[in-house]
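What follows is the residue order along each chain.
Protein chains: 4
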Amino acid sequence: MNLDIQIGQGKTARRAYGIDEIALVPGRQTLDASLADTSWYLGNVKREIPIIASAMDGVVDVKMAVLLSELGGLGVLNLEGIQTRYEDPNPILERIASVGKDEFVGLMQELYSAPIQPELIQKRISEIQSQGGIAAVSATPAGAAKYGDAVAEVGADLFFVQGTVVSNAHLAPESVTPLELAQFCEKMPMPVILGNCVTEAVAFDLMQAGASGILVGIGPGAACTSRGVLGVGVPQATAVADCTAAREQFYQETGSYVPIIADGGLVTGGDICKCIACGADAVMIGSPFARAAEAPGQGYHWGMATPSPILPRGTRINVGTTGSVKEILTGPARLDDGTHNLLGALKTSMGTLGAKTLKEMQQVEVVIAPSLLTEGKVYQKAQQLGMGK
Amino acid sequence: MNLDIQIGQGKTARRAYGIDEIALVPGRQTLDASLADTSWYLGNVKREIPIIASAMDGVVDVKMAVLLSELGGLGVLNLEGIQTRYEDPNPILERIASVGKDEFVGLMQELYSAPIQPELIQKRISEIQSQGGIAAVSATPAGAAKYGDAVAEVGADLFFVQGTVVSNAHLAPESVTPLELAQFCEKMPMPVILGNCVTEAVAFDLMQAGASGILVGIGPGAACTSRGVLGVGVPQATAVADCTAAREQFYQETGSYVPIIADGGLVTGGDICKCIACGADAVMIGSPFARAAEAPGQGYHWGMATPSPILPRGTRINVGTTGSVKEILTGPARLDDGTHNLLGALKTSMGTLGAKTLKEMQQVEVVIAPSLLTEGKVYQKAQQLGMGK
Amino acid sequence: MNLDIQIGQGKTARRAYGIDEIALVPGRQTLDASLADTSWYLGNVKREIPIIASAMDGVVDVKMAVLLSELGGLGVLNLEGIQTRYEDPNPILERIASVGKDEFVGLMQELYSAPIQPELIQKRISEIQSQGGIAAVSATPAGAAKYGDAVAEVGADLFFVQGTVVSNAHLAPESVTPLELAQFCEKMPMPVILGNCVTEAVAFDLMQAGASGILVGIGPGAACTSRGVLGVGVPQATAVADCTAAREQFYQETGSYVPIIADGGLVTGGDICKCIACGADAVMIGSPFARAAEAPGQGYHWGMATPSPILPRGTRINVGTTGSVKEILTGPARLDDGTHNLLGALKTSMGTLGAKTLKEMQQVEVVIAPSLLTEGKVYQKAQQLGMGK
Amino acid sequence: MNLDIQIGQGKTARRAYGIDEIALVPGRQTLDASLADTSWYLGNVKREIPIIASAMDGVVDVKMAVLLSELGGLGVLNLEGIQTRYEDPNPILERIASVGKDEFVGLMQELYSAPIQPELIQKRISEIQSQGGIAAVSATPAGAAKYGDAVAEVGADLFFVQGTVVSNAHLAPESVTPLELAQFCEKMPMPVILGNCVTEAVAFDLMQAGASGILVGIGPGAACTSRGVLGVGVPQATAVADCTAAREQFYQETGSYVPIIADGGLVTGGDICKCIACGADAVMIGSPFARAAEAPGQGYHWGMATPSPILPRGTRINVGTTGSVKEILTGPARLDDGTHNLLGALKTSMGTLGAKTLKEMQQVEVVIAPSLLTEGKVYQKAQQLGMGK
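Chains as they are written, first to last, in the working numbering: chain B, 1 to 389; chain F, 1 to 389; chain R, 1 to 389; chain P, 1 to 389.
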């Protein structure tokens, strides 16, 4: 059943579902968690853990990228943030962590107006690779156009082209030459991952443009900035399931399998499991890693649209520091709320559901189980988000 | 699908949708925000920004009307409020801003019992126009009957006849002659905008009566006074979409295009974008402008039903002051929560959705994406409404 | 559409709707509030206002019954409470108002174990009537069996037989003779009102037993005690609409019109309007009147199941005192939150909706407009219920 | 109607319902509560009350098991907890009750790493039986494999094999021999109860494996740990109704009636009534008994997944102490919020609904009556869960 609903005489709409509205149903078989295989490929890069740390300045720097690579995951470095504007980012990060709430937006607008230095881009990539890490980097379409050559020259392992909303048909003013995604994918020597998108049609367009991975998620959460400021967004369970259909179609037509990476609003192990059950191959998460002792944000987390000089969006959240990146990603957990040992949670969930591989996990049964706000949920979420005290 | 739902054996109902329950879906094309054209016409008045400041005493005075005109928007002056009862409204506004919570309703009932002075009506209109502003004024149907001639004499640019609920068939006691809307539109020398209404039938009736614009919105919010006190209201997404159908029908029949203005409960840029996506041509908003440094309310906001001597409704809210009217309407934003740079938010949203004009924005895809109350939403809304601290 | 929904393989259910989930839609006509006729009959008793004060000890005593009668409403005296157990109820009410939270249930269990005195029953009825009030009294089925004769002897005007759930087919232990409702209605010299019930079938049964009015409402609110303790309840919009169908059916078959009185969980004017729009002829409310300066509860309100020695339900709530009973029932209002001037709210709503009589009000259009919890609603409800501070 | 809903192009799902979303509808007959028969059989053990205390260390020890047996209920002893790891559990329980929030998970991981002593298992069983109690014990599948023989030797009355998710087809690493459920049921000299499961298929499999009872409930609550950490769960009303269908099918095929025991997230009498109305034969509850003065948790309650050394889930909640186990189970109640006199609530509910036996209670009418979060519910739930103050 997927009937269009009439909002009014002049408008119809589909019902879309969020991650908080679904739950996973155990099947007739179960599995020891140790038997669950969570490995996957992004382009030619194999990873044991389908969890990527977001290209956000409070989450990934050189050290985090290296650590996450070692643990079997992946961290993406933002090429247009603090790390590539400042030779020594540490005093800058200190200022962000210590500024008061009221001066925050202004400070961010100031700090992010310093110029991006192409040689710092190359330096960060080399730093990651020289320590044995996978150099995955990210830029906006505009940034990719500008700094793509510098990245190609030094040779990163993976390139994410990521905007709030990306399409393969962007109309720009005459004075501007927009990034041609297909050309860019063609010319770059490493796999290019494109996003974010939320619909089957756009996901398919991006695959045709040559993407080696698709980031899915625009305004996925009810409290998300994109929905508040722009009204734009699709709840994540529906967005992932839709884009998954594009992956299957593209695979049938071309034989090429382009993984779907769910990105946005995921906090707990359960959120990750549910995205994969909706068809995702991997997830990209920010705030859970912002809480790592090694995270550059020092207990703070902010979105990459926050420093916009014209229309800042998102805000800085004090997420706190709850453990090491190892405890968060592969455990053992010191917290019992689903934010530590994310890999353990995924494997346990797969065992519970009888899924031996991520492909089997994508097929598990789902129920719609609306999670009306309960006091427990408020309490738990508030703590997870560092909004309680 | 628009099936009637059976509430019980004796009653059926439609499901209506609110702005908080929908979100907008990016299409296959995107657009530079700078290319989005947000201009529109109200009668013969062209405006660059489809945002109107409500005819509320805490929101619009002469200065605000002029400022908003200059910025490309519009502000409507309430002809039955403080500005037309008192030669010098400032000490009155001071008293409202400084009175304690418990004496508030009583003070309002007292202050609004002072007589309306027709010469002050004319004076305010002249003051706006002499400073280059567009003189848009508002009265209730009863006020329009009484003061219409005074307004016609001095010549305002736009006349809003606005009641909580307006119909073209009002039954009054024999001792009273109700305002004949069609006669009134006929005789007034400027465009007349009528409202509020929420159904296709009434919107069509009002267009036939000669309205140059229709205000849509009765009890749109779940916490709205009209719903609490009177039980009356229709969630705004449905109301706007329904009245949009009347506009299309009227246009087909007469060739005359009567814009739909969504009014009530809109707080963020996202709310504005969603109303237009449901078919509105423009929006009318109060509380976002009540937070302007230049607003007459001095950080306070109250509804026009509040001073009723018999059945006061609504209350005074301390919304605070967050920036200049320019920052709020056209930016750059100093806040990151969607309440600054409303025009920038609209243009960015249109770019994201690939809509070059407001007419294209009315056609974008919508999903139903219930926004269950989340802690983030509580936090954000509470701050926006000035209820947190 | 009224399809059974499958909860699981072994169980289907209907969707029922609460008052908070609906809103009323203005039609093509409006009306001056002064033209709205709110009169109705209960048996042979005509009242100008379709609002009855509940038979609760914190709400109605002799004085309140007289005052409410004078104002055009009605108050029902509980025959099994404080007023008929104690010659002088005032010191008892003082104790209830001053006891601490933890001793409350124990104190209530003690106070309500004092014997009911039939002569006090007769005395209270005479006191009401001698002051010109309508003597409406209430007892449980067991109490009606015991004290019916005493009431008949002195001659009350209306007799309410009211239990949490009443049926016309009650199975009792052999040692007990249950009240035969039909016999009781037959023998009593005044109209008998029966309830509470929630289904068309039971409402019809009670009409056939001779009821002159039906009380509708069992566990109507989501937070209601009956739902929490017993799991029992039907949301009020559905319950009222269903029982309305029984009234129509019974009227067609017998020519006798038995009014439906919605009872439970109603707080604001809007709640009252919505019940009538679902088909009710009148409403019974408690907490709004418990807040009257004249109320016996002195700012406190408690349910009649609270003193149960075995399974106490409900609790004492500090509702505070907000105005006189006149201000609450017929205004003018001193509060702007929908809890003052309930008659004014009803008339204004009827005007807005174009309903000249309660019969027309029963026919107005309803939409389903889910009122997800918003911070405003929490704030407002908490204040109304006296749970905030 | 049980249509599959399309989450997105690639995924469909059923809508599942929780206990909070339903309510029970009174029928045409009512009943004196004293006439309600609540007896039931679990294997060959007859109990007067269909309420079982969970095998949790804060809930059941030897004393509680004996007390609950005497009152007509049942308490299950956890064979892998504090009671079987420590000769004298009291100082251990003291430490759990007194540790600070931040050290809690670490302490639990430490305390639960002490070895389980088979002779303590046998000793606890003997202690219960020698005091006249029913010795019902519980182990995980792994624990059952290890300690089953010790239990069989000493002879408990009932054996619960209980894991978060149990299936009859568990895939284990080659080094491990998983418990064969059918073999285990066969060889054990007492009835074996298996769980937890949530689907008709698995419930049927477990019945075929020889279960004498089925525990139903995985992640039933919206705030449940399993849903947060693993994403796994089915709302309880649907899970119970589905597994009930397996019971009916199995009974038709074999003539053997295997009771369904709803387990998880039940707090009030109403919750219990609603589970039975969905088809359950009995319920298992933890937190309501953790609040008993006699409970080993001393006002604290924690889940059995909490001490996991790798992936701790759940947390310790300060539920407080509100009365004796007798007051909680059979009353008279001293609290009015539905957490005292659970049997009285069940009998009163059955009377209200006209159900003479639990089999009739399984057939009562249910409505879907979404319990959106209301301030009352927050207040009530917070108090019940000990999260308020």
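Watch out, some of these pointers could steer you wrong.
Since the list gives no way to pick out one identical chain from another, each pair is judged satisfied if it fits inside one copy or across any two copies.
Stated by the list, open to error - No farther apart than 20 Å at their CA atoms in a straight line, the calculated lysine to any residue pairs in the SDA-like style are these: (1) Lys101 <-> Gly320; (2) Lys187 <-> Glu153; (3) Lys101 <-> Thr321; (4) Lys356 <-> Met190; (5) Lys146 <-> Glu70; (6) Lys326 <-> Pro309; (7) Lys356 <-> Pro178.
Rather than coming from a laboratory, the hints here were simulated on the basis of the structure.
I'd like to know which numbered hints this structure contradicts. Please list them from smallest to largest. Checked against the structure, the hints that fail are numbers 4, 5, while the rest are satisfied.
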